[in-house]
Amino acid sequence: MHAAAALPPRFQDWFATRGWAPRAHQLEMLAKARAGRSALLIAPTGGGKTLAGFLPSLIDLSERAPRNTPAGIHTLYISPLKALAVDVERNLMTPIREMGLKVVAESRTGDTGESRKARQRIKPPDILLTTPEQLALFCAWEGARAYFADLSCVIIDEAHALWPSKRGDLLALHLARLQLFAPNMRRVGLSATVDDPDLVRRWLGVHRNDQDPPPPGEVSAKPTEGARAADVQLAPSGPPGHIPQGGRISEPDVDLVLGSGGAPPVVEVLVSGGRVPWAGHTAEHAMAEVYEIIKGAKTALVFVNTRFQAEFAFQRLWELNDEGLPIALHHGSLSAEQRRKVEAAMARGELRAVVCTSTLDMGIDWGDVDLVIQLAAPKGASRMVQRIGRANHRLDEPSRALFVPASRFEMLECRAAADAILENHLDGELERTGALDVLAQHIMGCACSEPFDLVALHDEIRTAGPYADLSWEDFEAVVDFVSTGGYALKSYDKFRRIVPGPDGLWRARNAQTVQRHRMNVGAIVTAATVNVRIGGGKRPMGGRKIGEAEEGYFEQLTPGDTFVFAGQVWRFNSLVGADAFVSPAPNDDPKMPSWGGSKFPLSTYLASRVRKMMQDEGEWTALPPDVQEWLAWQKVRSALPGEDQMLLETFPRGKRFHMVCYPFEGRLAHTTLAMLLTRRLDRLGVGPLGFVCNDYVLNLWSLKPMDDLDLDALFDQDMLGDDLEAWLEESFMMKRSFKACALIAGLIERRYPGEEKSGRQVTFSTDLIYDVLRRHQPDHLLLRCARQDAATGLLDVARLGDMLARVKGNIRNVRLDRVSPFAVPIMLEIGRERAPGDAAGEAILAEAEEDLIAEAMA
Amino acid sequence: MTRFESNPCGGLRIDLAGTSVVLRGSGALWIETERTLVVADLHFEKGSSYAARFGQLLPPYDTRETLDRLDREVTALSPSRLIFLGDSFHDAGGETRLADGDAERLAGLARDRQLIWAVGNHDEDGPRVLPGEVIDEASILGLVLRHEPQAGLQPGEVAGHLHPAARVSSGRGSVRRRCFVTDGSRLILPAFGAYTGGLNVLDDAFSGLFCRPVLAAALGAKRVHAVGMKSLRPD
Numbered sequence: 001m002h003a004a005a006a007l008p009p010r011f012q013d014w015f016a017t018r019g020w021a022p023r024a025h026q027l028e029m030l031a032k033a034r035a036g037r038s039a040l041l042i043a044p045t046g047g048g049k050t051l052a053g054f055l056p057s058l059i060d061l062s063e064r065a066p067r068n069t070p071a072g073i074h075t076l077y078i079s080p081l082k083a084l085a086v087d088v089e090r091n092l093m094t095p096i097r098e099m100g101l102k103v104v105a106e107s108r109t110g111d112t113g114e115s116r117k118a119r120q121r122i123k124p125p126d127i128l129l130t131t132p133e134q135l136a137l138f139c140a141w142e143g144a145r146a147y148f149a150d151l152s153c154v155i156i157d158e159a160h161a162l163w164p165s166k167r168g169d170l171l172a173l174h175l176a177r178l179q180l181f182a183p184n185m186r187r188v189g190l191s192a193t194v195d196d197p198d199l200v201r202r203w204l205g206v207h208r209n210d211q212d213p214p215p216p217g218e219v220s221a222k223p224t225e226g227a228r229a230a231d232v233q234l235a236p237s238g239p240p241g242h243i244p245q246g247g248r249i250s251e252p253d254v255d256l257v258l259g260s261g262g263a264p265p266v267v268e269v270l271v272s273g274g275r276v277p278w279a280g281h282t283a284e285h286a287m288a289e290v291y292e293i294i295k296g297a298k299t300a301l302v303f304v305n306t307r308f309q310a311e312f313a314f315q316r317l318w319e320l321n322d323e324g325l326p327i328a329l330h331h332g333s334l335s336a337e338q339r340r341k342v343e344a345a346m347a348r349g350e351l352r353a354v355v356c357t358s359t360l361d362m363g364i365d366w367g368d369v370d371l372v373i374q375l376a377a378p379k380g381a382s383r384m385v386q387r388i389g390r391a392n393h394r395l396d397e398p399s400r401a402l403f404v405p406a407s408r409f410e411m412l413e414c415r416a417a418a419d420a421i422l423e424n425h426l427d428g429e430l431e432r433t434g435a436l437d438v439l440a441q442h443i444m445g446c447a448c449s450e451p452f453d454l455v456a457l458h459d460e461i462r463t464a465g466p467y468a469d470l471s472w473e474d475f476e477a478v479v480d481f482v483s484t485g486g487y488a489l490k491s492y493d494k495f496r497r498i499v500p501g502p503d504g505l506w507r508a509r510n511a512q513t514v515q516r517h518r519m520n521v522g523a524i525v526t527a528a529t530v531n532v533r534i535g536g537g538k539r540p541m542g543g544r545k546i547g548e549a550e551e552g553y554f555e556q557l558t559p560g561d562t563f564v565f566a567g568q569v570w571r572f573n574s575l576v577g578a579d580a581f582v583s584p585a586p587n588d589d590p591k592m593p594s595w596g597g598s599k600f601p602l603s604t605y606l607a608s609r610v611r612k613m614m615q616d617e618g619e620w621t622a623l624p625p626d627v628q629e630w631l632a633w634q635k636v637r638s639a640l641p642g643e644d645q646m647l648l649e650t651f652p653r654g655k656r657f658h659m660v661c662y663p664f665e666g667r668l669a670h671t672t673l674a675m676l677l678t679r680r681l682d683r684l685g686v687g688p689l690g691f692v693c694n695d696y697v698l699n700l701w702s703l704k705p706m707d708d709l710d711l712d713a714l715f716d717q718d719m720l721g722d723d724l725e726a727w728l729e730e731s732f733m734m735k736r737s738f739k740a741c742a743l744i745a746g747l748i749e750r751r752y753p754g755e756e757k758s759g760r761q762v763t764f765s766t767d768l769i770y771d772v773l774r775r776h777q778p779d780h781l782l783l784r785c786a787r788q789d790a791a792t793g794l795l796d797v798a799r800l801g802d803m804l805a806r807v808k809g810n811i812r813n814v815r816l817d818r819v820s821p822f823a824v825p826i827m828l829e830i831g832r833e834r835a836p837g838d839a840a841g842e843a844i845l846a847e848a849e850e851d852l853i854a855e856a857m858a
Numbered sequence: 001m002t003r004f005e006s007n008p009c010g011g012l013r014i015d016l017a018g019t020s021v022v023l024r025g026s027g028a029l030w031i032e033t034e035r036t037l038v039v040a041d042l043h044f045e046k047g048s049s050y051a052a053r054f055g056q057l058l059p060p061y062d063t064r065e066t067l068d069r070l071d072r073e074v075t076a077l078s079p080s081r082l083i084f085l086g087d088s089f090h091d092a093g094g095e096t097r098l099a100d101g102d103a104e105r106l107a108g109l110a111r112d113r114q115l116i117w118a119v120g121n122h123d124e125d126g127p128r129v130l131p132g133e134v135i136d137e138a139s140i141l142g143l144v145l146r147h148e149p150q151a152g153l154q155p156g157e158v159a160g161h162l163h164p165a166a167r168v169s170s171g172r173g174s175v176r177r178r179c180f181v182t183d184g185s186r187l188i189l190p191a192f193g194a195y196t197g198g199l200n201v202l203d204d205a206f207s208g209l210f211c212r213p214v215l216a217a218a219l220g221a222k223r224v225h226a227v228g229m230k231s232l233r234p235d
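So the sequences go chain by chain: F and Z.
So for the first sequence, my numbering puts the first residue at 1; every next one is plus one.
So for the second sequence, my numbering puts the first residue at 1; every next one is plus one.
It is worth saying that the hints were derived from the structure and are not from the lab.
Mixed in with the good hints, there may be bad ones.
[Said to hold, decoys possible] Derived lysine-lysine pairs resembling BS3-like cross-links, with alpha carbons at most 30 Å apart:
(1) F:LYS704 x Z:LYS230
(2) F:LYS704 x F:LYS635
(3) F:LYS298 x F:LYS341
(4) F:LYS545 x F:LYS341
(5) F:LYS545 x F:LYS82
(6) F:LYS735 x Z:LYS222
Between the sequences and the hints, there should be enough to build the whole structure, so can you do that?
Structure follows, in structure tokens:
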């Protein structure tokens with residue numbers, strides 16, 4: 001192949017002995033490197049993507065002239081996963097060894113031993129493979145500038161997963177810092193297929209602020225009206241950077257390289273036994289057939305959406321597993337050691353199936369996977385494409401995937417997702433503005449590394465994509481926060497964490513401040529967890545740890561209850577400090593409270609496809625007969641929602657009156673909507689009693705009929721104003737958001753020197769801090785951050801805003817005398833939900849008192 | 001079991017070693033016949049103590065918030081005597097770190113009534129400049145008021161120090177709240193300060209203080225809830 005001539009002979013030979021020809025995108029990445037260009041490579045898994053990223057560095061290192069002084073790091077590789085950094089290190093050793101290259105490649109993660117870390121600082125390897133958190137530590141080190149002076153290339157793996165997150169914000173800031181230390185450094189991103197590569201390029205690239213204002217019309221990149229409207233409502237002072245300011249950034253200086261697409265996947269939807277259940281999330285009805293399908297495959301990955309579903313499916317599959325197939329379980333609550341074991345067995349090809357959550361959405365390639373099963377609806381097209389990509393890494397053969405819908409609405413969603421994937425349509429992402437709590441952490445890190453000048457630092461930060469529009473006012477506010485806490489009450493001038501010196505440069509206050517910062521870096525905030533240990537009795541000895549669970553999980557259990565965890569049935573004995581003690585229990589009908597895990601909302605794009613499918617009877621033919629019948633019935637008995645309509649049914653049932661709406665906007669947005677509607681209905685004197693939501697529907701019930709309400713007024717967008725504000729302030733979601741922001745920004749600490757502070761203890765004190773701060777300085781920077789996070793993340797206010805705008809004047813109200821076919825699934829979900837929040841807390845207290853009174857009267 | 005009845009203001013009236021007292025929803029104790037209001041563990045300037053010791057810049061509004069709470073109680077009850085039951089300042093330097101307005105408000109509390117500072121382990125010497133009487137303990141109507149509960153049988157003891165909190169559980173989940181805890185003979189007050197955390201009443205620190213089953217009076221949003229042992233859970 002003539003193109004191979006671009007490779008040095010040693011590399012040509014290596015490819016030849018392997019029986020490979022370099023792929024077009026590998027050569028293109030090499031050409032970009034030789035031209036000194038940064039590049040984003042988008043290719044499906046299995047396309048030699050990692051090698052494409054490293055090849056230019058390996059060639060450059062092999063051609064390097066011997067030097068008298070020891071060289072610094074040449075290439076820095078960043079992976080979002082610790083395990084991936086270690087795996088890539090191992091894979092990289094193969095070409096290095098086989099070509100006899102004099103290149104040292106080493107990984108460095110949180111698990112790397114202290115002596116190796118110390119050695120890496122004194123004698124840097126040529127290629128360092130690490131995580132964003134380790135890079136944050138490097139950047140807060142006084143030796144950072146010298147250490148990275150020789151850096152020629154940074155490779156960021158799984159860039160599609162990193163960029164739209166706070167970790168991505170922090171990494172972008174660190175890239176800006178590294179560029180300062182090594183001006184010629186190239187940036188290389190490796191990414192799975194995404195809807196809009198320009199968003200990733202903008203994140204990855206260097207932004208130079210033009211002095212001239214741009215011509216009108218070129219300003220807006222992809223504004224999201226809903227997000228902006230919601231933000232303005234929430235933060236009257238205006239959110240940072242959301243409204244592009246003058247001096248628009250130039251085109252990102254990152255070239256796009258596309259790998260060849262490979263064969264399109266084969267996607268099927270399983271209709272087990274010819275029927276689809278009315279409701280449910282577990283797909284229990286299909287389990288026997290899923291087991292048979294696993295038997296017919298070489299190795300299957302069985303993806304589910306929550307840890308609860310993972311435990312459930314694993315349990316059911318093993319009940320059916322007469323042949324004793326090696327089927328394993330993998331999710332985020334299992335201990336790291338247990339997960340590593342499963343991954344290793346998978347790599348050795350010893351497993352026939354792994355039931356897993358998003359923990360296996362990315363990672364190293366497993367050649368033997370030939371089937372991906374998605375139990376319950378996929379929720380988004382992009383994530384599904386990623387998951388399907390885990391099967392069959394040879395590009396010329398199609399990946400096989402099977403969707404197993406758990407309910408009728410999920411059937412519609414699975415069909416829509418399968419069509420979207422075949423048409424190569426992915427979920428759109430929103431443009432991201434860098435979070436200010438992350439910026440606060442970065443500024444503190446900079447001060448720990450070396451003194452900085454305010455104006456120079458502001459310029460440096462704005463070269464990072466997410467912060468390209470950072471205003472001077474916001475920057476100053478963050479600097480003030482880092483220095484004095486940013487309080488209107490100026491109490492802390494003498495306790496500043498960073499101080500300007502006589503030279504005008506800012507530096508960390510003292511060694512203790514620096515030390516404390518280093519113990520708290522990173523933008524990952526994990527939920528407070530308890531260790532699940534084997535042990536019994538009231539004062540148990542510390543037994544073997546079987547995993548971790550979110551702290552709320554065991555609050556739902558009373559000692560003696562049995563539950564499923566890590567694929568086994570356990571009895572819950574006691575909760576002592578940060579340890580939950582359990583003992584093995586007989587396998588009889590365990591209680592199974594569902595617990596958090598990841599609950600992805602239905603993507604906007606899939607939701608719109610589902611709405612379209614319901615309208616277009618021509619598309620129904622792709623659906624099983626019982627689902628077609630269900631749709632037809634709904635049309636007769638009630639109505640089908642139009643594409644831009646929202647169907648709203650009212651009907652009595654028992655002593656209650658129900659209002660069922662069908663916005664199809666995902667559970668988060670529905671929950672927020674239901675909370676706000678409840679407030680309004682309460683004011684209208686309707687007496688709302690409760691609600692339940694899923695990804696498609698929300699169902700509210702009340703004491704009085706809701707037939708004659710002014711729906712346009714009830715659903716008016718102004719609910720996102722005062723009502724939202726008032727509810728939000730009291731909401732436990734705001735407290736959770738605030739805690740995350742406070743941890744990232746360094747207001748509260750993850751770990752104190754010499755004392756382990758568990759998440760459980762922190763929960764209490766951040767709530768106190770939140771309550772005091774919101775009463776005395778509601779416009780504080782961190783409250784602003786928390787509101788914005790809650791609005792985009794936990795509440796999905798942006799999406800709710802879009803939806804309210806869409807259905808304005810478009811609410812189709814159908815008054816019924818009884819439940820409609822569409823409403824059946826959500827009626828079945830009533831009573832399964834636990835209402836979180838303060839109101840529930842008061843009810844619990846009142847109940848406990850009633851018990852006591854009853855006891856006293858007995 | 002301790003006898004209790006709810007009070008119109010949302011508090012809980014109990015009989016403590018022969019004296020009728022009200023456990024207020026704020027966490028304060030009201031001895032009506034003596035028009036005496038007792039609050040424990042205010043921990044003024046706890047926020048700024050973190051700044052001074054570790055450079056951790058917690059919001060400095062905790063003193064202000066605690067004073068707001070105190071003001072509401074003083075306005076509602078017009079006590080003729082106000083007793084701070086120890087650990088009123090989080091540390092010895094707290095008094096000097098008070099913001100100007102806060103120091104004046106604190107001094108103002110002594111204007112129309114007797115202000116008493118019982119000392120605690122965090123503030124062994126009491127305030128230096130602020131008005132009021134500094135004491136180790138006080139006796140009122142057969143009740144003994146001191147910061148730290150003493151070992152052994154202490155009928156009529158009213159103390160703070162332990163920051164009791166109750167985790168209350170029902171079939172629907174659990175909730176954790178600050179609480180009073182009493183067996184009808186001894187009473188431990190919840191911490192009143194804005195930044196004070198709580199220690200579970202099932203912790204070892206409480207064992208040996210009570211000889212009968214305890215009643216936890218948990219502070220709800222609008223009223224005090226009487227909770228028995230059966231509904232209490234460890235953390």
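Hints, verified against the model:
1. At most 30 Å may separate the alpha-carbon atoms for a hinted pair to count; LYS704 (chain F) and LYS230 (chain Z) exceed this at roughly 37 Å.
2. Restraint check for LYS704 (chain F) and LYS635 (chain F): the C-alpha separation of about 27 Å stays at or below 30 Å, so the hint holds.
3. A distance of roughly 20 Å separates the Cα atoms of LYS298 (chain F) and LYS341 (chain F); the hinted pair therefore holds under the 30 Å criterion.
4. A threshold of 30 Å between alpha carbons decides the hint, and for LYS545 (chain F) with LYS341 (chain F) the separation of about 15 Å falls inside it, so the pair holds.
5. About 21 Å separates the Cα atoms of LYS545 (chain F) and LYS82 (chain F), which keeps this hinted pair within 30 Å; it holds.
6. Of the supplied pair hints, the one linking LYS735 (chain F) and LYS222 (chain Z) holds, its CA atoms being roughly 20 Å apart against a limit of 30 Å.
Taken one by one, the earlier hints fail for this structure only at number 1.
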